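Given the structure of chain A, go ahead and fit chain B onto it with the hints provided.
There are 2 protein chains.
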Amino acid sequence: MQPNEKLLSTRAKGTVDQPITFLMKATLDNPENISLAAGFVDQESLPADFTRDIVADLFEDHEASRSALQYGLTSGLAPIRKWVARRIESDGFANPIDPDRVVIGSGSQQLLFITTDCLCDRGDIVIVEDPTYFVYLGVLNNIGARAMGIPTDESGMLAEPLKERLEALEKSGEIDRLKILYLQTYYQNPMGTNISWERREELWEVVNHFHKKGHDFLVMEDAAYRDLRFAGEDIPFMAKLDKSGERIAIYGTFSKAFAPGMRSGWACLPEWLAPHVLRQKGNHDFGSSNLTQTIVQHALEKGHYQQQVENLQHVYRAKAEGMLKGIKEFFPSDVKVNNPQGGLYVWCELPADCPTGHDSALFKAALRNKVLYVPSVYCYCQEEGIEKPDSSMRLTYAMMPPDIVHEGLRRLGKAIEESRESISSAG
Amino acid sequence: MQPNEKLLSTRAKGTVDQPITFLMKATLDNPENISLAAGFVDQESLPADFTRDIVADLFEDHEASRSALQYGLTSGLAPIRKWVARRIESDGFANPIDPDRVVIGSGSQQLLFITTDCLCDRGDIVIVEDPTYFVYLGVLNNIGARAMGIPTDESGMLAEPLKERLEALEKSGEIDRLKILYLQTYYQNPMGTNISWERREELWEVVNHFHKKGHDFLVMEDAAYRDLRFAGEDIPFMAKLDKSGERIAIYGTFSKAFAPGMRSGWACLPEWLAPHVLRQKGNHDFGSSNLTQTIVQHALEKGHYQQQVENLQHVYRAKAEGMLKGIKEFFPSDVKVNNPQGGLYVWCELPADCPTGHDSALFKAALRNKVLYVPSVYCYCQEEGIEKPDSSMRLTYAMMPPDIVHEGLRRLGKAIEESRESISSAG
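Listed in order, the protein sequences are those of chains A and B. Position 206 of the first sequence, counted from 1, bears residue number 221 in our numbering, the numbering being contiguous throughout. Position 407 of the second sequence, counted from 1, bears residue number 422 in our numbering, the numbering being contiguous throughout.
If we strip away everything but chain A, and leave its shape as in the complex, we get:
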């Protein structure tokens, strides 16, 4: 322990580095590395022209520009909150959404963190998809909550194993420590899976079954990638099934389909939960940047956001196709690949004897070849006594131009080959 480290709180002592920090730093610090890892968005299509025009217009207006540079409300700008409420309702919700249920955060990430902190004491339980968004696993580690993973198929988390897990928790007397079921309902990170409407209904039925028995928990519907759909049909929010509005919270963001540099995301929270999240946010920063929120507001009101969403459909469809083609060209044929309909990720499953983790021959070969990927081990929650697959990887086609992605895949194909040779020669 460093001098003074005895001063640290239990929370700080127990918190490990987010793997994303390492991967982001490796990308930004070393321009020679091709990152198929970091979840940045496409650089070229970022809405620079829209933003320039919005800001130029905004600063024509004396009052409005000064308001944008001043403090604002902790909950965020009212017009964005209303837009979000109307957007959610437009899925055919049974009841109108009160904009007071909507909070603007510094990305949806901040609201995922705060919600979890508002519900979980150390040792409380959160159920996640296995694999899931590894940054959220970091949040759980930080807060000291226990993550439990439920297997998935191509339609999302499996309802039957969820039910079995809940029954096991009921039996062991731990079910009242279960606080959250965390689901990424659209183009899941890392697998790119969309939860089908039928699966949403099945999962909701399981949730309801336990609710009726007096065991309640919050469903956190992370819909960050919804607006990055480039194929297939649009599916309503799972929260539509929750007629009460009290048991599913929705999370969305303007980072993915507009600009991460705005750090603007939102949550639509149950009425009972919103004041607690707001209080916590007040303590964190008393409100996100008024300037970037004002830009987002104008982008929504002027239709720039909607236009950008349409642009991105073409951009990401082409980039996803390019990546799938490159994988076909450079990867061994026994690598299984999904076919995403939206989002930023391709999930590659290698044969079980090809581990991809940080210490694996493959990861080292990839670093040697100057290419980065996200090892699947980051994305599975580690549970004692349960073995998790460790031979997959998350790749993203999002940030880099197509020719660089192509070159990255060539390097990665080479790294796979090299690591297999080293494994077979070691064997």
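These aren't lab readings, by the way, just hints derived from the structure by calculation. Every value quoted in this text rests on a predicted model; they were computed, and no experiment measured them. One or more hints might be untrue.
Copies of the same chain are indistinguishable here, so a pair counts whether it falls within one copy or spans any two.
As the list claims (entries may be wrong) - When the alpha-carbon atoms are kept at most 27 Å apart in a straight line, the in silico DSSO-like pairs for lysine-lysine are as follows:
no.	residue 1	residue 2
1	21	228
2	343	178
3	178	258
4	178	21
5	186	258
6	97	379
Relative to the frame of chain A, chain B by itself:
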């Protein structure tokens, strides 16, 4: 308890509303109210022209503009972090400051919160000035830390009572739960006090005395208002006394002397602490807005920030003088007022039989007269068995134009009169 509130964490259950939320909302929601309460900055002098020009220039540059709209590093933009390090060194620090000790946050508020969360478990102790920044008291409430207040005079926290308090903690065996000494070293919120250099030395001596006995804790030097100096001499950071760099963290912000809407602040942390704060920030939001940071970076590099600091000296000197004049005109002569040399606040002490709290005749009379102030009771930490003064108020001259401040003081003077009449007629 609401339906589902049993799901809340200990932290959420124990957290009360920040008084600032009520005051900010009352200001923004009801334009008829004149707020001498909310700590907003002067609206008219906000750097709209600088910001417009910076953004226009930035968006001429294809690469730079896209980087500003992309994700960045959790720690913040390197050029700002270097600027902060050089700025601190320029106070004549014995050793150079490593920019890796500097973290950019969503205002310094976020970094005050995260640092405190990294050090304090529930029940741990934080010593503060009495009165202190009430938002920080909210942070302590949120985290479940116990605040203990040390009296102050016109040169800052008194060293002797601090020593006595530490001795008492030593005796009671609680001193190892003391994690933080929180000091606002410049134009303190709410009293406007500057801690004199001699007092900084005295306080540091007390800290050292206990350090030598093996009782260590972090000094958090909140220097948010330093750049809003409009009279008197500039005093070096107290952290200059900490040759090791291991025991004083400094907090600063671009909110007060540039624009709160940027939500950009910084902390210069001891080396042993920085990685823990960074991890936590990674979990909260993996970095503050790259766009607003880029604007701040350009403002620093082009000298706009320094120019704005100079402008504000004139603005706030005039506004402070205006407020003092108005107080003289409208308040009873037995109201004691300080004479601030910087910052945003004037502190008024009424006679002890004139309470100013939320339920007082005066607060109600003020609301009736459509004027808001911060009651002193918000600013004193509440400790069992220790009576705290409750007949002062914090006023700010910052946000409103001088004529509105003048009218606000007229209303407040009337409210003081009315409340005294009601008290004397009730007696």
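Evaluation of the provided hints:
1. 21 / 228: Only across copies: residue 21 and residue 228 sit 15 Å apart there, 44 Å inside one copy, limit 27 Å.
2. 343 / 178: Neither. Shortest intra-copy (38 Å) and inter-copy (71 Å) distances fail the 27 Å Cα cut-off.
3. 178 / 258: Answer is within: at 22 Å inside a copy they meet the 27 Å cutoff, but 59 Å across does not.
4. 178 / 21: between (42 Å within a copy, 22 Å between copies)
5. 186 / 258: neither (29 Å within a copy, 58 Å between copies)
6. 97 / 379: neither (49 Å within a copy, 33 Å between copies)
Consistency with the previously given hints fails for numbers 2, 5 and 6, ordered from lowest to highest.
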